[in-house]
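In terms of this note's numbering, the sequence shown is residues 2 to 629.
For the record, the hints were derived by calculation from the structure and aren't laboratory data.
Keep in mind that a hint or two might mislead.
[To be verified] Below, in silico cross-link-like pairs of lysine-lysine (DSBU-like), each with a Cα-Cα straight-line distance of 30 Å or less:
#	residue 1	residue 2
1	LYS208	LYS435
2	LYS123	LYS44
3	LYS208	LYS496
4	LYS44	LYS149
5	LYS285	LYS228
6	LYS139	LYS118
7	LYS312	LYS132
8	LYS565	LYS382
9	LYS190	LYS132
10	LYS255	LYS269
11	LYS627	LYS207
12	LYS318	LYS255
13	LYS123	LYS27
14	LYS228	LYS435
15	LYS588	LYS485
16	LYS396	LYS362
17	LYS469	LYS485
[Stated by the list, open to error] With beta-carbon atoms standing in for the labels, derived distance ranges:
#	residue 1	residue 2	range
18	LYS284	LYS380	41 to 51 Å
19	LEU516	LYS190	23 to 33 Å
20	GLU57	PHE196	49 to 59 Å
21	GLU57	ASN292	28 to 38 Å
22	LYS76	PHE148	36 to 46 Å
23	LYS284	THR43	44 to 54 Å
24	LEU503	THR444	19 to 29 Å
25	ASN291	SER624	50 to 60 Å
26	GLU281	ILE409	21 to 31 Å
27	SER298	GLU146	25 to 35 Å
Where a beta carbon is used, it is the ideal one built from N, C-alpha and C, also for glycine.
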Amino acid sequence: MTSNIVLIENISDFNSIPKQIIENKKFKKFTFNFDVHEFLETKNIEHEMADNMLNESERFQIFDKIILFREWYSKIKSDDYKIEGMNLLKMLDSQEFSSFLTPKLIYLMTIKQIIEKENPKKIITTTSLSKVARSIIKNDSIEIEVFKNEFKELMFWDRITIKFNVGKIPIKFNISKNSYVKIKTLFEKFLGFIFNFWYYPKNSKKKSLVFLEFNPELFANIFKSLKNYDGDIILVNQRRSAVWGRTSLGFIRKFNCKILKIDNVKNKNEEEKISLLVTEYSKKIENLFNNHTFFESFFTINGISFWELIKETLSQKYSQRLFLYISMIQNVKNFYDNSDVRCIIHLNEIGETEKSFLEFKKNIPSILLEHGFTERIEKTKRYDILSDYPNFNDKIAVWGEFKKKYLIDEYGIDEKKIIVTGSPRHDNYFLSRKKKEHSDQITLLIAPNPISDVSGFSSTDIKLRFKKTITEIINTVQESENIKIIVKLHPIQLKHNHEIQLIIKELDTTIPVLLWTSVINTINQADAVIVISPDIPSTTTMLLESMILGKPTMNVFFDNQLPKFNHVKKNAVFTVLDDNNLKNNLKKFLSDRKFQDELVNNGDNFVMTTISNHKNASEKFASILKSI
Numbered sequence: 002m003t004s005n006i007v008l009i010e011n012i013s014d015f016n017s018i019p020k021q022i023i024e025n026k027k028f029k030k031f032t033f034n035f036d037v038h039e040f041l042e043t044k045n046i047e048h049e050m051a052d053n054m055l056n057e058s059e060r061f062q063i064f065d066k067i068i069l070f071r072e073w074y075s076k077i078k079s080d081d082y083k084i085e086g087m088n089l090l091k092m093l094d095s096q097e098f099s100s101f102l103t104p105k106l107i108y109l110m111t112i113k114q115i116i117e118k119e120n121p122k123k124i125i126t127t128t129s130l131s132k133v134a135r136s137i138i139k140n141d142s143i144e145i146e147v148f149k150n151e152f153k154e155l156m157f158w159d160r161i162t163i164k165f166n167v168g169k170i171p172i173k174f175n176i177s178k179n180s181y182v183k184i185k186t187l188f189e190k191f192l193g194f195i196f197n198f199w200y201y202p203k204n205s206k207k208k209s210l211v212f213l214e215f216n217p218e219l220f221a222n223i224f225k226s227l228k229n230y231d232g233d234i235i236l237v238n239q240r241r242s243a244v245w246g247r248t249s250l251g252f253i254r255k256f257n258c259k260i261l262k263i264d265n266v267k268n269k270n271e272e273e274k275i276s277l278l279v280t281e282y283s284k285k286i287e288n289l290f291n292n293h294t295f296f297e298s299f300f301t302i303n304g305i306s307f308w309e310l311i312k313e314t315l316s317q318k319y320s321q322r323l324f325l326y327i328s329m330i331q332n333v334k335n336f337y338d339n340s341d342v343r344c345i346i347h348l349n350e351i352g353e354t355e356k357s358f359l360e361f362k363k364n365i366p367s368i369l370l371e372h373g374f375t376e377r378i379e380k381t382k383r384y385d386i387l388s389d390y391p392n393f394n395d396k397i398a399v400w401g402e403f404k405k406k407y408l409i410d411e412y413g414i415d416e417k418k419i420i421v422t423g424s425p426r427h428d429n430y431f432l433s434r435k436k437k438e439h440s441d442q443i444t445l446l447i448a449p450n451p452i453s454d455v456s457g458f459s460s461t462d463i464k465l466r467f468k469k470t471i472t473e474i475i476n477t478v479q480e481s482e483n484i485k486i487i488v489k490l491h492p493i494q495l496k497h498n499h500e501i502q503l504i505i506k507e508l509d510t511t512i513p514v515l516l517w518t519s520v521i522n523t524i525n526q527a528d529a530v531i532v533i534s535p536d537i538p539s540t541t542t543m544l545l546e547s548m549i550l551g552k553p554t555m556n557v558f559f560d561n562q563l564p565k566f567n568h569v570k571k572n573a574v575f576t577v578l579d580d581n582n583l584k585n586n587l588k589k590f591l592s593d594r595k596f597q598d599e600l601v602n603n604g605d606n607f608v609m610t611t612i613s614n615h616k617n618a619s620e621k622f623a624s625i626l627k628s629i
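From just these sequences and the hints, can you work out the full model?
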């Protein structure tokens, strides 16, 4: 039995927990955060990483449970929460819910393991983890001493990162979602007034194609191929403005696209109606979340209810977003009633925009467009749910015959529902490929894939392995004077991206760290590409893009054995483990030109079998849309 254990979640906890407790060698300390571990290491304070309490199978179990939990609304009689037939409770972004819930369950199961192992008399911690501990401890056998360290809990989209360039200087700042919406609205109003790109259903009698949450820059070739379409091309961008930048604005004007601002389809009477509905449904949802019996029973894992850990945040989010949800439902229905929509094109089915539009489409066909490179092995197939493959709504457009066969074989999907188009977003990659020229001076692109919370595999140990790996890569490469390093970060909004930036800055401040630059231009600058893949469930699109552009590619994979991905079997990418002779593998990859040429050749063969309609996938996809 351990007398006292200390649970430390964040760096800020050190401002709350007294120094004498932190430094007391009789108190066993557990860290839940990479920064906390690093801090205690610098102070030579003995501690254990709490993350190590959970093994791989336990983390998979948590992920599987979360997939069930995010469908919680399906267990509730929905008639009381429907507007125009749409269940309000369903509207919350499923990915956002998963990102919010995953750390909660990781902490819950971790602290459960700690308590069972240590059997402490007393737990010392701050407010947040004390709530987790109390949900596990059913009696007063264990004393909990709490030091207040309150912080406002945010969900995934509660804070938005704004990114833009002033000349060549990248600018970034974070704002609340509400502030972002206000700025976005004002920005779009100004541009809409100047350039007249708003779509008003009553002013148009044309047929139309609707694209949900598409980046006009990324899919410009689709819109170029639809320029002469005898109807309207409508963009709906609620999460990120379609015109946030000069390039995207130029594409929209050039290709005659229109932007649907949801509020443009309502009148004053409907504004009053929406306000009344918000008041009515606010009370209903408030009463629902006070139904402790159902929620405490449903939100349970391994016999432990965690409803009290999520109740406040979840109820607040629905309260804050209720006006948005009701407005979207009313306005989307009005849009369909007053428009001749021939097809809905979307990239997922789990976002708020996607849910509202797909719910009301009735007999309107929809196409889910594959937009990322995903290969699965047996133990990671469960993550297909994040790509909507098991339960997409209508038709799906895939990159090649390989993915088509996978969907048929693994999920029994009707062949008629699958359209092989190729990858429209990569047409320019095939067109811009440059002939490889051997030179004594080498530019090496390092593309570290950030660790996310969604998979459940984010941990201090993984981050330590990541830091060790990227340090070894950079130090090894810098032993050669003829190699220039550039780093391209994934633009996704994750804390780990910032941590990667700090690691590289500590190693060498002269290494360029790129975030928002064009992927295609960045890869074309390089002679070779190294991808770092710390997230076991994922494959990154950067691997495929590097192959398309004819670059020898190395992938540093974090696991205890090489994955049986098809691109690994085909030796299209030099795949190595992070802790297995990394230095020698790096030297072979960077110095052996014959080996590099073999990788490029194998990569070309892999791309040929993986992606159809090279260079003209956009035209293929556009021709399908025109025929609807």
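Hints that the structure is at odds with (numbers, increasing): 1, 3, 5, 9, 10, 12 and 26
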